[in-house]
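K.L.:
Build out the structure end to end from the sequences listed, making use of the hints.
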Amino acid sequence: DLGVEHHSQLAAGPLTVDMCHVPSMTVLEAAARWQFYLRSPQVTALARRRQELLRAMGFKLVVLPYHRWEALQDDAAKAAYLRQLLPAQVFATSASDAHQSVTQEASGQAAES
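Going by the UniProt record's numbering, the first residue of the sequence shown is number 1, and it counts up by one from there.
In case anyone wonders, no lab produced these hints; they're calculated from the structure.
The C-beta atom is built at its ideal place from N, Cα and C for all residues, glycine as well.
Fair warning: there could be bad hints in the mix.
Each pair of labels, with its calculated beta carbon distance range [what the hints assert, rightly or not]:
| hint | residue 1 | residue 2 | range |
| --- | --- | --- | --- |
| 1 | A79 | A45 | 30 to 36 angstroms |
| 2 | D18 | A45 | 18 to 24 angstroms |
| 3 | Q84 | G13 | 26 to 32 angstroms |
| 4 | H67 | V22 | 26 to 32 angstroms |
| 5 | P14 | R83 | 26 to 32 angstroms |
P.N.:
This is the structure:
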């Protein structure tokens with residue numbers, strides 16, 4: 001668990017994105033096999049258009065190609081790869097949100113006492 005608050009399968013205009021960190025407007029797109037030309041690392045015209053549309057909508061797009069993901073050996077390697085791919089703002093915002101949530105819970109408990 002990377003500790004990043006996100007929404008899965010979020011509607012974004014005419015598209016549905018795999019994962020979105022709303023505070024930073026970062027979308028993680030799991031690029032499946034169908035988004036690449038056969039035996040090629042090049043994305044298809046359709047996948048490229050989808051990426052262009054998401055960027056035009058104001059999202060910071062992070063693409064996770066299936067061939068890179070499948071090559072990772074275990075969960076630790078996958079987590080390290082995601083930390084490398086995702087912008088620092090995603091982790092900073094999530095850490096800030098978590099701290100704020102804990103602070104609010106603590107102040108709420110103090111008010112109840």
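K.L.:
For every hint, state whether the structure bears it out.
P.N.:
Results for each hint:
Under the hint 30 to 36 angstroms, the C-beta atoms of A79 and A45, about 32 angstroms apart, fit the expected range. The supplied range of 18 to 24 angstroms is met by D18 and A45, whose beta-carbon atoms lie about 20 angstroms from each other. Taken as a hint, the range 26 to 32 angstroms holds for the pair Q84 and G13, whose Cβ atoms sit roughly 29 angstroms apart. At roughly 28 angstroms, the beta carbons of H67 and V22 sit within the given window of 26 to 32 angstroms.
The hinted range of 26 to 32 angstroms is satisfied by P14 and R83, whose Cβ atoms lie roughly 31 angstroms apart.
Of the numbered hints listed earlier, not one is contradicted by the structure.
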